[in-house]
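Counting with the UniProt record's numbering, you get residues 1 to 223 for the letters of the sequence shown.
Just so you know, the hints here were simulated from the structure itself, not pulled from any lab data.
Incorrect hints may appear among the rest.
If you anchor each label on the Cβ, the simulated ranges turn out as follows [said to hold, decoys possible]: (1) K65 x G149: 33 to 43 Å; (2) F128 x A108: 11 to 21 Å; (3) P167 x E116: 14 to 24 Å; (4) P94 x P137: 37 to 47 Å; (5) D44 x M122: 15 to 25 Å; (6) R164 x P137: 35 to 45 Å; (7) A135 x G32: 14 to 24 Å; (8) D107 x A165: 15 to 25 Å; (9) A135 x P96: 16 to 26 Å.
We put the beta carbon where it would ideally sit given N, CA and C, even for glycine.
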Amino acid sequence: MATTMMASAAADHQEPAAAANKKKKQAWEWEGRVVSPVPAATADEAWALLSDFLAFHRWHPRVAKCRLAAGTPRAPGCVRYCEGVVVDDAGERPEPDWAHETLLEYDAGNRFFRYEMNDNNMGFGVFFATFRVVAVPSAAVGGVGPPEGEGCELRWEFECEPVRATPREALVARLQAGLDGMAARVQDHVLASRRETVVVPAAGVGVETAEELIKMQDNSIAV
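Full structure from sequences and hints, please.
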């Protein structure tokens with residue numbers, strides 16, 4: 001009798017553990033990475049534009065708003081609110097996609113940050129993502145190349161459980177399209193900045209490049 005009770009207790013103990021392991025495995029069922037090259041920009045140039053956790057809307061073509069919702073800007077633990085572009089479908093204006101996302105890790109030296117999606121209206125449950133800017137060899141683009149032939153690529157890595165009503169292929173395609181749009185905007189910005197100079201009409205100031213002036217503006221906090 002005692003042996004039966006012990007065996008039953010052991011089985012009861014194993015069931016929650018097995019369920020927890022199954023849940024943990026399910027949470028990471030989807031993992032992947034999308035990559036988009038920015039051959040005209042150095043990694044430092046691209047990171048200077050994309051490193052602001054609260055400036056997602058400036059570079060992602062499908063994000064209309066991005067602002068601080070809680071915490072200290074750029075510090076791990078801060079939360080941003082992102083809202084998507086509203087698509088007017090046959091005169092109807094549906095509710096835009098939105099999400100709160102928490103910054104988990106920020107490493108300027110290695111040019112990456114990691115975050116977690118929290119409450120949202122897009123069907124996401126557990127979702128972690130890492131955004132990176134990585135230096136890669138590159139040739140000139142449009143006659144204007146990066147210094148010493150060094151370009152970069154953007155990488156968006158994700159770990160998540162299956163998204164409700166969304167096939168994995170659709171999620172990857174959505175991330176890829178967004179990253180391609182960001183890469184195109186960054187490249188256009190860098191190429192235009194290299195071709196232009198701005199004369200600052202102030203005594204003793206002289207000439208500064210548009211890249212330097214715009215970089216200061218683009219690193220402001222979007223709240």
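Does the structure break any of the earlier hints, and which numbers would those be? Hints 5, 8 and 9 not satisfied by this model.
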